[in-house]
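These protein sequence lines map, in sequence, to chains A and B. Taken in order, the first sequence gives residues 105 to 256; the numbers are from the numbering used here. Taken in order, the second sequence gives residues 318 to 813; the numbers are from the numbering used here.
Treat the hints loosely; a few may be bogus.
[Unchecked claim] Heads up, simulated DSS-like pairs for lysine-lysine below, C-alpha to C-alpha not over 30 Å straight-line: (1) A:LYS108 - B:LYS745; (2) B:LYS600 - B:LYS559; (3) B:LYS699 - B:LYS745; (4) B:LYS601 - B:LYS478; (5) B:LYS745 - A:LYS220; (6) B:LYS478 - B:LYS745; (7) B:LYS699 - B:LYS559; (8) A:LYS220 - B:LYS699; (9) A:LYS108 - B:LYS478; (10) B:LYS559 - B:LYS478.
By construction, these hints were calculated from the structure, which means they are not laboratory data.
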Amino acid sequence: MRTKNITASLAFLVFGAVYAYLTAQLPLRMLGNVPGPSFFPWVLTLCFLGLSCVLLAQGLTAPPAAPRPGAADSSAGRVAAALLAFAAYLGALPFLGFLLATPPACAALMLAAGEKRPLYILAWSAGMTAFLYLMFQSLFGVPIPAAPDFGP
Amino acid sequence: MNPVLDGFLSASAPEALVAMACGALIGLIAGMLPGVTISSGIIIVLPLTFVMGPHVAISLLLGIYSGGMTGGSFSAILLNIPGTPSASATGLDGHRMARRGEAGLALGASIFSSFFGGMFSLACLFLIAPQLAAVALKFRAQDLFSLVFFGLTIISSFAVKSVVKGLLSGLLGLMLVTVGQDPVMGTARYTFGSVHLLQGVHFLTALIGLFAIPQLAEGILEGLKRTGKAEALSRFGSIYPKLRHCREMALPSLIGSVVGTFIGILPGTGGPIAAFLSYDYAKKFSRHPERFGTGCIEGVAAPEAGNNAVCGGALIPMMTLGIPGDPVTAILIGALLVHGLAPGPMLFAERPDFAYTIIFSFFWSNIFTLAIALLGVRLLVKVLDAPKAVLIPAIAVLCTIGSFALRNSFFDIYVMLAFGLLGLLMQKLEMPVVPLILALVLGRPLEENLRVALTASQGDPSVFFTSPISLGFLILSAVTFVWPFVQERRARAARA
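Just chain A, same shape as in the assembly (with noise of 0.2 Å):
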């Protein structure tokens, strides 16, 4: 709980300060004893900085948890993939089109799930990339990530 109180608060202070940064180039008023643009977010900066100094000094007095038994990491590194795989599909999408990017996504999202055969990962990613575009794009008409050069 320390580090993480630790942590979260400075990067809620970095955070904060980039804000009030910003928020500082706004206009304060733009007419009269009216409240301008910037009013509410200077009130939001006040609170979310001072508060980030209560969590930080939170995390500064706690007393050090103690050290917990090392768990697995080996999921942690698959959630990453699968992170990382799904960031890749959508990276992909705007040139690749939802029929091409779809299915080896599945392919590795289900692999990073611990599916293994690899006959069921094939015919799942395809079928089910199938059945949403026409499901959406077909039947409903909902609009779904076309290719601008090729793909559908």
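Keeping the supplied structure of chain A fixed, place chain B upon it in accordance with the hints.
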């Protein structure tokens, strides 16, 4: 025409009924699967609602809401793993009944008492909501500011573990809402010259990321785990309670319905609290309190009526004041906004027909949930054996489609990812996410009403204290904010 009749006809249109039936089915499945929340179920179908008429869209979403609450009890009874947090209390007696060979009876009791709770809260919604909306129409900017501020004090309910972290999470949400054009003068703020950021962060995109990505990570961690017990427990005999069972269920169901509806109206409380309180009250009023916890039907009926009654109760502040009581109603507000319908006092004034459509859709949702649960429970419980490896890619792709379809923008997909990573980070740092979500929903009306009130009063802040309505809400906010901590302190003192 009469808005009540209009609302009924609109909610009873064939396409709305089909949507409700599908919603109830999806809700039952989503609620049943441990780790898949009702919010996730709603988010998954969200993109479909963008192309539907508003009455069909709300029918689908209410079907999921109602079905999800009932479905949560199935896994609680059969596996002792609650599908939703609201079903936690149901497992106390439900699973013991299942182990005794009365799984069918426990499921039947859960289905019927859920239906009773839902219908009871519907009657309250029908009677209270129009009156409350009529009162809310008289509110001025300062009253609305204090009302929204009161809604934000819900944060304290989710921040008992660390008030500072809860407040920081809420403030972070409010800061993120300030991105884009300011709500009064239209000045660009924190946009870095980007046209996409000028429109601000669409809070549905943010919600999709905040809910789906941490769930995706959780699913990966669980891997290919199969529960494997559902198959064995799916041979559970008759689900229809006998007359003597109905007599035993009557009082606990009524207690649960009253408690659940009341708890639902209060912002920030929700299903789990309602279920446990209903269980506790039913035990106190029972002639045989000693039977509770040993696998009695009353112990299933009370929490199930309680958590389903929360749905109708939570719709009251959502529809009349525009205040979401929980994450599900926050998503419902977002879904309605996409269709140009803003829940709040003006909904009953400008679109009374649609307000009644929501009420009657909830009525039909309860009917469909009952019918589908009774007819399909034997098939539905087989879903409990579905491997996570199949669900994870489906959730990921559906969230991508949902984020894109909101505004046909790839930018929103990246915003969804960014919020998802933020959600994961917050989880890692033990920061509550619900305050952030509430702030994303309430941030804009909070700033808008604050500035309008201050502009009208020439910058005089006393306007918030001289209006009796505003002052009342500010006092209520203070009480609501402080109360959970007083309770926590008392509990700690009692334990010590």
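Okay, the hints, checked on the actual structure:
no.: 1; hint: A:LYS108 - B:LYS745; in the structure: 8 Å, holds
no.: 2; hint: B:LYS600 - B:LYS559; in the structure: 21 Å, holds
no.: 3; hint: B:LYS699 - B:LYS745; in the structure: 33 Å, violated
no.: 4; hint: B:LYS601 - B:LYS478; in the structure: 29 Å, holds
no.: 5; hint: B:LYS745 - A:LYS220; in the structure: 29 Å, holds
no.: 6; hint: B:LYS478 - B:LYS745; in the structure: 15 Å, holds
no.: 7; hint: B:LYS699 - B:LYS559; in the structure: 26 Å, holds
no.: 8; hint: A:LYS220 - B:LYS699; in the structure: 22 Å, holds
no.: 9; hint: A:LYS108 - B:LYS478; in the structure: 14 Å, holds
no.: 10; hint: B:LYS559 - B:LYS478; in the structure: 44 Å, violated
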